[in-house]
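Protein chains: 2
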Amino acid sequence: MKKQKLHIVKIGGNIINDEALLTSFLNDFSALSTPKILIHGGGKKATEMAAEMGIKPKMVNGRRITDKQNLEIVTMVYAGLLNKKITAQLQQNNCNAMGLSGADGNSILAQKRLVKEIDYGFVGDIDKVNSETIQVFLEHNLTPVFCAITHDKNGQLLNTNADTIASEVAIAMSELYKVELNYVFELKGVLENIKDENSVIKHINSKKYQLLVSDGIISDGMLPKLHNCFNALKKGVHQVKIGDASLIRSDNKRYTTLSI
Amino acid sequence: MKKQKLHIVKIGGNIINDEALLTSFLNDFSALSTPKILIHGGGKKATEMAAEMGIKPKMVNGRRITDKQNLEIVTMVYAGLLNKKITAQLQQNNCNAMGLSGADGNSILAQKRLVKEIDYGFVGDIDKVNSETIQVFLEHNLTPVFCAITHDKNGQLLNTNADTIASEVAIAMSELYKVELNYVFELKGVLENIKDENSVIKHINSKKYQLLVSDGIISDGMLPKLHNCFNALKKGVHQVKIGDASLIRSDNKRYTTLSI
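Protein chains in written order, with my numbering: chain A, 1 to 260; chain B, 1 to 260.
Simulated from the structure, these hints should not be mistaken for lab results.
Mixed in with the good hints there might be a few duds.
Said to hold, decoys possible - No more than 30 Å apart at the CA atoms, straight line, and that leaves these computed lysine-lysine pairs for DSSO-like:
no. : chain 1 : residue 1 : chain 2 : residue 2
1   : B       : 44        : A       : 56
2   : A       : 153       : B       : 116
3   : A       : 58        : B       : 44
Only chain A is shown next, with the shape it has when bound in the complex (with noise of 0.2 Å):
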């Protein structure tokens, strides 16, 4: 049976916390007439609101920490007001949206990362997807917003990096529809030249993504953006697109398509 096709996009920093920039996005965002989900980031207010409240982030090696008082602040800054003011505005388009949790309809579950040479503290590491749930959600009209929350089942909400939610979701989906995978970040693409905004690389399969690396043309967070690109194409994710907020255009051609 032929799978129908749906819409994976994920956001970052740079759209939320441009209000312009993100009225314009889910003004695009919720006139795709596939099946969709978006996934968001946090941007910057989790620290902005830490900082109000006179709490320093906390970091190890350079690696960011979150201990219960910063689990506090992203659970009521992701979950709680960028969720629900994305979710909000995307109503006022007439798409259906609903903000979500990993731990809404146990939708996410995820269980905290082992501590090795460092203690993240209360992040987590994704263990199931429950698609059938999505699914249900996605076939009632609804338009699934996930938040960077998952939930480990015993009670504990974790922070989660947002790209691998998206991987994952996309992953978990795949068996039930064709997926598309977006994300959207603050480049038009992957760059030849990271000093030429227009440099962008067309297309990157899996020999090409190797050399990149290896002449350190895709280097620091590019890195894991991709390696989960790769992951969600090998795990059988459709398409994989990266771009800036217009790649969901119909009317844009500049992006970068990922290939196996």
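Start from chain A and add chain B according to the hints.
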């Protein structure tokens, strides 16, 4: 056709502020075998959070005003922190809870309260509860957990009284289910003598209600609560009970039952 029973329970600040009481209540709630809905208020947490951020509650004539900053705080605390904490705890009990604001699935539509003598700010009066969407959740064994935030379908979130949400959801669901509505608060029921916590009035009908009001036995905060109860009964809710956290336990016999 005989309607299926639906149990709707509203809990207030006294339970939310007490970790042990909340856990014990959520265990009892999870054990209810009928389809069910939980509605929660905010407790002291929003006030504490505002204080930590140096924001003073805004009052006019003794009434709290929800300005933009306070709306952000209640959205974070009610829809984020408390709603997800309760949802995760219910999930631990194998109750497939789903935390919701009125914006999620467009489940509760409200309009900003009209400015008469006082401008209450971003406070919502309920227009419509989408019982069909809520029914979809219930039919898939999901347990909706509503916080006290609604929306106006124009992108605006609104702070809304949780007692009113409970009665309006109960009224709307009465078209589809035989609804029992429970208001759980700090007392064992409506008291004959406020100084005697055991002087619970077992049963109040419309006539007795009028007498109790004119005798001054029902006053202050109990007035709007009982108004909500009788409004619900008049509009089709099958049964309303008021009591403390043990109200939903099958072995509890001390509470107030209302009828018209």
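Against the structure, the hints come out as follows:
1. 44/B to 56/A: holds, 24 Å
2. 153/A to 116/B: violated, 47 Å
3. 58/A to 44/B: Holds, at roughly 27 Å.
The structure does not agree with numbered hint 2 stated previously, though it agrees with all others.
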